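A.B. asks: If you want the building blocks of each chain, they are given just below.
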Amino acid sequence: MIVTERKPLEELAAMLAGEQGTYLVACSGCPVGHKTGDEASLQQLEADLRAQGVTVLGRTSIDFLCNKPLVALRLMRVLEEIETADSLLVVSCGIGVQATAATVDKPVHPAMNTISMGGFQGLWPSEERCGQCGDCNLDVTGGICPVVFCSKSLLNGTCGGSDKGKCEVSKDVPCGWSLIYDRLAKTGRLDQLSKLNVLKNRDLMRVKPEQRRGSIWALELIEPEPEPQPEGKPA
Amino acid sequence: MKLSELFAQGKFVVTGELGPPKGCHLDHLMHEATKYLSRVAGINVTDLQAAAMRVGSLVTCKRLLEHNLNPVLQIVCRDRNRISLQSELLGAAEFGIDNVLCLTGDHNILGDHPDSMPVFDLDSVSLLHAATTLMGGKDLAGNDLEGDPPSLCLGCVVNPGADPLEPQIIKLKMKQDVGAHFCQTQAVYDADVYKRFKDAVDKAGITIPIMGGLVMLKSAGMAKYMNRMVAGVFVPPDLVQRMTDTDDKPKTSIEITVELINGLKPYCEGIHIMSLGWDQYVPAVLDGAGL
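Chains as they are written, first to last, in my numbering: chain S, -7 to 227; chain B, 182 to 472.
What the hints contain is simulated information worked out from the structure, not anything from laboratory work. Remember, it's a predicted structure, so these values are computed and weren't measured experimentally. Be careful, since some hints might not be right.
[What the hints assert, rightly or not] Simulated pairs of lysine-lysine, DSS-like, Cα-Cα distance not exceeding 25 Å:
#, chain 1, residue 1, chain 2, residue 2
1, B, 432, B, 405
2, S, 187, S, 158
3, S, 200, S, 98
4, S, 200, S, -1
5, B, 354, S, 187
6, S, 156, B, 376
7, B, 405, B, 183
8, S, 98, S, 187
9, B, 376, B, 192
10, B, 354, S, 158
11, B, 384, B, 192
12, B, 384, B, 405
13, S, 187, B, 446
14, S, 156, B, 243
15, S, 156, B, 384
16, S, 98, S, -1
17, S, 156, B, 183
18, S, 178, S, 200
19, S, 187, B, 319
20, S, 156, S, 187
21, S, 187, B, 379
22, S, 178, B, 354
23, B, 354, B, 376
24, B, 405, S, 158
25, S, 163, B, 405
26, B, 379, B, 430
27, B, 432, B, 384
28, S, 27, S, 200
29, S, 178, B, 384
30, B, 446, B, 183
31, B, 446, B, 384
32, S, 156, B, 354
33, B, 243, B, 216
34, B, 446, B, 430
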């Protein structure tokens, strides 16, 4: 299971500022198990966003957003609602955000930071991969992760080695920043690139001690800690 | 001497370039530099160029200072994290190095240690940001520096022949915004390509001085190799033909370089000559171009 945590409300509000309305797409897989995207969390998220003046036009939940064919199929059902929205706000790990962005020609915002997947890349991953950096910037990068798709994991745009969409390491490797540039151009969001100057906090990708209690970290996380018993009394 | 002071005086600035050797002896390089590069305003020292292990840029720059030459310290982000990069910048300032060129660096897969770990904790933009932050008296973690902060002239690079060009322009604007004082370009062999680039630069509101980059052609084979392997560098067929037909490669190379300087000069604030070991021909280039 993939470990995610909700982005700070101020960051979400800043992403959505100036939009008329957003549509919520939630993953019913890991975020439910991890209680960052279960029904209660989603209701709380909607309430928090509304309090910030954000209009949430609707919501749909899909079993495993890493399953890209399913994402396309399910989003077809709510096409009309999505078309009226300025953007999609995706409650999932970085893979789900990227799978959604690859499916819909709309700005896609990540609602979560993906901390650790222990190398796990979803149940039905397609080309999308998440860098598990703990500080998701897919909002600015057109829903394509530069940590994974740039050979140097550069965060502030293309290097001088990019040539006609290919990376300097091999003509067979696409330049990740070229993919990002094309996606942003396609969705009319090239101005996002001027928001860069990212200095990554590498500490955020470190798995915290409380998340590191076994080989299936996330599963253990949802087990409540036993209540401490008063001394002298048997549990 | 900071290159920015020369630009401020309205001078057309010319820089050269040295690549440190794979070994621990710099006497030959210093001999070449003092003999052939004493007329340029600054000498770039590449930082583990082409991702090949060799003696470092900072050490070589220090040696140039001892010979009263003005080094431009190149720093790449491939091999060190932000702690080490900031330390290197402080070290440069302590040595009295005035100019630093901040680059991302080639991927190590392209070099002679492809099995090494790429770092890229920072990139060219965040390295410039780090340098600017240090010059403000703090490090990237917000800690105060002791004493007067370093005072450096910060350079950056751009590739005018990149296809597409717009991402390069966007990034160059970011570099200016985070504190770059000047820019040197990747090699250009066509004044029209440079002019198109310059128009895009002006349109984007980029105002820092830009020095056109020139790599001296050593042979037709080298030109063809660059066309095949180096992103955004295109040597036109007529120049390749001239290098093929010539009986005197250095002479033809000097002629071509002088012609290119004359072609670029109206559109740039300086020229960066990358002689790739042909340092002995740089004086002839400068004479030919009246520089």
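A.B. asks: Evaluate each hint against the coordinates.
C.D. replies: Hint by hint, here is what the structure shows:
1. B/432 <-> B/405: Holds, because 19 Å separates the two Cα atoms, which is no more than 25 Å.
2. S/187 <-> S/158: holds (24 Å)
3. S/200 <-> S/98: violated (34 Å)
4. S/200 <-> S/-1: holds (17 Å)
5. B/354 <-> S/187: Given that 25 Å is the threshold and the Cα spacing comes to 12 Å, the pair holds.
6. S/156 <-> B/376: The given pair, whose Cα atoms are some 20 Å apart, holds under the 25 Å limit.
7. B/405 <-> B/183: violated (36 Å)
8. S/98 <-> S/187: holds (18 Å)
9. B/376 <-> B/192: Status holds; Cα separation ~20 Å.
10. B/354 <-> S/158: With a Cα-Cα distance of about 23 Å, the restraint between residue 354 of chain B and residue 158 of chain S holds, given a limit of 25 Å.
11. B/384 <-> B/192: Judged against 25 Å, a Cα distance of about 24 Å means the pair holds.
12. B/384 <-> B/405: The given pair, whose Cα atoms are some 33 Å apart, is violated under the 25 Å limit.
13. S/187 <-> B/446: violated (34 Å)
14. S/156 <-> B/243: violated (39 Å)
15. S/156 <-> B/384: Measuring from Cα to Cα gives roughly 23 Å; hence the hint holds.
16. S/98 <-> S/-1: holds (20 Å)
17. S/156 <-> B/183: With Cα atoms ~36 Å apart, residue 156 of chain S and residue 183 of chain B exceed 25 Å; violated.
18. S/178 <-> S/200: violated (38 Å)
19. S/187 <-> B/319: Cα-Cα ~23 Å, so holds.
20. S/156 <-> S/187: holds (24 Å)
21. S/187 <-> B/379: holds (23 Å)
22. S/178 <-> B/354: holds (22 Å)
23. B/354 <-> B/376: Within the cut-off at roughly 17 Å; holds.
24. B/405 <-> S/158: At roughly 19 Å apart (the allowed maximum being 25 Å), residue 158 of chain S and residue 405 of chain B satisfy the hint.
25. S/163 <-> B/405: holds (17 Å)
26. B/379 <-> B/430: violated (31 Å)
27. B/432 <-> B/384: violated (38 Å)
28. S/27 <-> S/200: Holds. Residue 27 of chain S to residue 200 of chain S sits at ~17 Å (cutoff 25 Å).
29. S/178 <-> B/384: Given that 25 Å is the threshold and the Cα spacing comes to 22 Å, the pair holds.
30. B/446 <-> B/183: Distance of about 21 Å is within 25 Å: holds.
31. B/446 <-> B/384: holds (19 Å)
32. S/156 <-> B/354: holds (21 Å)
33. B/243 <-> B/216: holds (17 Å)
34. B/446 <-> B/430: holds (24 Å)
Violated hints for the displayed structure, listed by number in ascending order: 3, 7, 12, 13, 14, 17, 18, 26 and 27.
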